[in-house]
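Chains as they are written, first to last, in my numbering: chain A, 15 to 318; chain B, 63 to 340; chain C, -15 to 451.
No false leads were mixed into what you were given.
Computed far set for chain B versus chain A, every beta-carbon distance over 12 Å:
id	residue
1	Arg124
2	Ala241
3	Arg249
Residues on chain B that point at chain A, a partial pick, calculated with CB under 7 Å:
id	residue
4	Thr80
5	Ala110
6	Leu210
These aren't lab readings, by the way, just hints derived from the structure by calculation. Idealized CB from N, CA, C, for every residue including glycine.
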Amino acid sequence: MIAVAPAVPAPRRLTYRQIYPYLLIAPSLTVFALVLVYPFVDGVRISFFQDTLMSQSRPFVGFDNYRVVFQIPQLGTVMRVSLTWALGSVVGEAILGMVVALMLNRAFRGRGFFRSLLVVPWVMPAVVTAVIWRWLYHSEFGVVNQVFGPLGLFPDKENWLGDPNTALWAVMVANIWRGFPFWMIMILAGLQAIEPELYEAARVDGARAWQLFRYITLPNLRIVLTITSILSFVGNFNNFTLVYALTEGGPVDSTKILPIFIWETAFKFTRFGEAAAMATFFAVLMAMLILVYARTLRLRSREV
Amino acid sequence: MTARLQRRGVAWLLNGTTVVFTALVLFPFYWLLASSLETPDQLFRIPAVLVPTAPTFDNFDRLLHSSFPHWFQNSAVIASATTLLALTLAALAAYSFSRFTFRGNRELTTMLLFVQLFPVAVVVIPLFILWTNLRLTNTYWSLIVTYLVFGLPISTWLLIGFFNAVPVELEEAAMIDGASRLGALWRVTLPLCVPGLAATAIYVFLLAWNEYFFALTFMNSTDMRTIPVGLTSFFAEHSVDWGLVMAGSVVASLPVVILFGLLSRYFVQGLTSGAVKG
Amino acid sequence: MATHASFSRRNFLIGMAGAATSSVVAACGGGSSAPAPKPAPTAAAAAVSTAASTGTAGTVELAYWSQLQPETQRWKDNQVVIDAFMQANPGIKVTTEHPAFADFDTKLVTAARAGTPPDMSEVSDSFPQLAKGGYLAQLDQFAQDVKLDLKDYYEGKLQTCYVDGKLWALPITADCRGLWWNMNLLKDAGFDQPPTSWDQLVATAQKVTRGGVYGWGVQGGNQGFMICEQFSAFFIQNDGKIISDDQTKAMTDQPEWITGATYWQELTTKYKVTQPSAATDDQNATYALFAQGKLAMFPGGPWARAEIQRNNPNLTFGKDFSASVVPYPTGKHPGTCQGGWLHSIWTASKVQDAAKKLMAYYHTPENIAQEAANSMPTRRSATNFKPFNDPWYKPFWDTMPYALAPVPTMAAGAEISTTLYKLLQSMLLGQQTADQAGKAFAKDVNERILPRYVAAGVGSGCDCPEV
Chain A
15 MIAVAPAVPA PRRLTYRQIY PYLLIAPSLT VFALVLVYPF VDGVRISFFQ
65 DTLMSQSRPF VGFDNYRVVF QIPQLGTVMR VSLTWALGSV VGEAILGMVV
115 ALMLNRAFRG RGFFRSLLVV PWVMPAVVTA VIWRWLYHSE FGVVNQVFGP
165 LGLFPDKENW LGDPNTALWA VMVANIWRGF PFWMIMILAG LQAIEPELYE
215 AARVDGARAW QLFRYITLPN LRIVLTITSI LSFVGNFNNF TLVYALTEGG
265 PVDSTKILPI FIWETAFKFT RFGEAAAMAT FFAVLMAMLI LVYARTLRLR
315 SREV
Chain B
63 MTARLQRRGV AWLLNGTTVV FTALVLFPFY WLLASSLETP DQLFRIPAVL
113 VPTAPTFDNF DRLLHSSFPH WFQNSAVIAS ATTLLALTLA ALAAYSFSRF
163 TFRGNRELTT MLLFVQLFPV AVVVIPLFIL WTNLRLTNTY WSLIVTYLVF
213 GLPISTWLLI GFFNAVPVEL EEAAMIDGAS RLGALWRVTL PLCVPGLAAT
263 AIYVFLLAWN EYFFALTFMN STDMRTIPVG LTSFFAEHSV DWGLVMAGSV
313 VASLPVVILF GLLSRYFVQG LTSGAVKG
Chain C
-15 MATHASFSRR NFLIGMAGAA TSSVVAACGG GSSAPAPKPA PTAAAAAVST
35 AASTGTAGTV ELAYWSQLQP ETQRWKDNQV VIDAFMQANP GIKVTTEHPA
85 FADFDTKLVT AARAGTPPDM SEVSDSFPQL AKGGYLAQLD QFAQDVKLDL
135 KDYYEGKLQT CYVDGKLWAL PITADCRGLW WNMNLLKDAG FDQPPTSWDQ
185 LVATAQKVTR GGVYGWGVQG GNQGFMICEQ FSAFFIQNDG KIISDDQTKA
235 MTDQPEWITG ATYWQELTTK YKVTQPSAAT DDQNATYALF AQGKLAMFPG
285 GPWARAEIQR NNPNLTFGKD FSASVVPYPT GKHPGTCQGG WLHSIWTASK
335 VQDAAKKLMA YYHTPENIAQ EAANSMPTRR SATNFKPFND PWYKPFWDTM
385 PYALAPVPTM AAGAEISTTL YKLLQSMLLG QQTADQAGKA FAKDVNERIL
435 PRYVAAGVGS GCDCPEV
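Only chain A is shown next, with the shape it has when bound in the complex:
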């Protein structure tokens, strides 16, 4: 990295050289400010006003919207469902992604071919995924019941997406199917960056497979795993389209994750102020969680 140094010792005026780096990022920052920061700030602003479709006056109401939001009885359910959904998806995708990445990390013919095939679930549009899985899960026309029915593992003709006991898991399976390739690819990339000599040396010393995994693979994947888990958690937590297209949050709120709840408050009940309050609160909460998470991992890596 080149440190920007003025040719003449400390001139008072900004030299072109000094602002040059900022010029390079200016277009990105402008677009960012326009499309993200401005609506974000406006969203936060709306949360302090009474903003519904039912009246065109929008008076300032301070923290009223927040108060109302926290008194909504459904909120507890929504949080529980959202956390289960996000954490469950992340863990499922991580484990599956790791296993597959390890399987694909060996050199064998056609490895690239399989890797390309396994990425298919991730690249399809969410609405297409929803169409497919709605059909697969249908109690009469669906393939899942056709396969599992004879096995006798589950109740006959289970209505996967319509039974509150199974709906969330069913939706999560579809989500994990969709999301694991991302983990697989990231971990594969990380695995390929580990020098084989490390493994050789350890094998010479008599290390077993699981020891290799625990003491060489995992530590070296730390960066990749941290970044991927943050991206995956945020992405899953805020994922709207798939669940909406599969169940619209039902049945009986069993899949009502926060993004759907917010959408419902804004576009069905037309209570924009309250929706904005919900969104702001959870955005702030998540930001703090992520900071804590990232910082903890960074601290720990320094100890190693």
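Since the structure of chain A is already known, use the hints to place chains B and C on it.
Then chains B and C, alone, in the frame of chain A:
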């Protein structure tokens, strides 16, 4: 001898598992393909039939005569434009982060991850008002710029890693020979970072191609819809044209599947060099 | 040094990029130069636009939004009316947009909030909020001016166009439900006639349900259809109500409602005559199951005939399947939900006169019959025209006078409906009895939902005129 046989056995087992697993993962996509070749009444058979008995391209034929080709064009143009712009802006920004240390570097890098923190449902109305004021609703630009923003953070982050890996000396050599900084970037650094560019391109293209909510909100006319929104319009209040839905879903998926199939090697390579080396 | 040359070249490049971007933006924006975000329109949207007559030179453009997709027959029926209107009014050009059914409310709400609504559109669940918020034009004066015979409209539907005693929309389709029954399946079970009473319905359904065939189809997968299609018939027949007529309290703790709700629930939980996928099947799945011979009976509107036919062209109406009145308790009267669509004129429209002309044109009996050909008309006199003068419609005309909207038109309606849907799902799954559900719902609505709307001064009481 037995050790080698054992390793062979393990290899076979792993290969077999890989094949079976891949087949399972791909099954839903296969089912989609099969369904798209069936007429609606064949689709509704109980029990579901896995291999179409009388495959027909009727659905695709009807798809071509619906508004779907418009939607395909819209999605293609928007996704391509977004990708090109994202590559450009991200390259510039990443170059800046990589080659210079300046105030705000670390904070900006951290901000990259907080892009998706705000739920779409709340961001969409202020953004819609913004585009309305700029008179960009129902145009490609409203979506291109929006997707650009969501794709920039990862793109920049990926490319930073790549640029870090390219020795500065190469650029300096080019500049001594008379190239400008950007010229050196274009002629020396970027060619060495093709995997990273490919990774970025794929990621952004996917984002733009698959997105639903903004596309729904910013586009009004039937002709300006993107594919995901268009697919939803096949679901009417009292009837669903399943043939069109299936065929449309297949056509919606094929380009990105093929694109990724071709470029996934670069994607992995891109992440290897870029992401991991940090 | 290289920097001098690079400086100017770089500057040049950056300048070009900036110019290119802004020129492209300008081109797409249709002429606006340096775009700077203007403050969002506030009072402009609220004020009733002063009547803009058909402009000086050239045509007036009228934007009309419908959730019907352009390739569908139902829209083509509408297009006939619109084309005829444009012929009769050469100065007015009607352009249409067609947000998808599933997204229609989202689009309307967004457009209203952002100040970019159409001139005229169909309206859906968000209608009461839009009316309350002043986004829609009041139509009482208009109805008087064009001497619209409001008494000709089915009251059950017309009532839903009133908010706070004023008229904000006119119905373009109204509908009720009939009982669709599979003649072959019933004949095999020993029934020549469809059931006409609650007891007969249970008996018939029970005898038919066997071996993968189910007697009674439930559409639980879609909120609107669950509440309207499915559930409402029985409590309406029993004179029960969800919300009192003056919109001040819930009435689901009353015996009339509970009886109707219990009957509906027990078909699934006690008599077990419904299909297992009931909780997720929407109306389209029901048509498919019926057409495949997996369902013997289900409640549906007249459009089901075409849909069943489409799902299985081998079926013949009158020979394989038919429609009759939805069974009602002996001694009471028929009744089902009142569905259908309204359309309104938006106050932000600058061409309200033209919109009113279109509205008046739409609402003649002939044109109503034309555009609602694949649904049901909103005016009694429209039943004199094709296709409604066909005798197969009789069960529907018999039911229409008794068809009511399950939840009245009120600002709290969206929240009430969503809460009700959750309730119905839990009843369908056997999680609570109708009695428990009704009482819990009444409590929730009376104590939590209604006060928030009344307190905010939004929507209580409908001075619906006697029609």
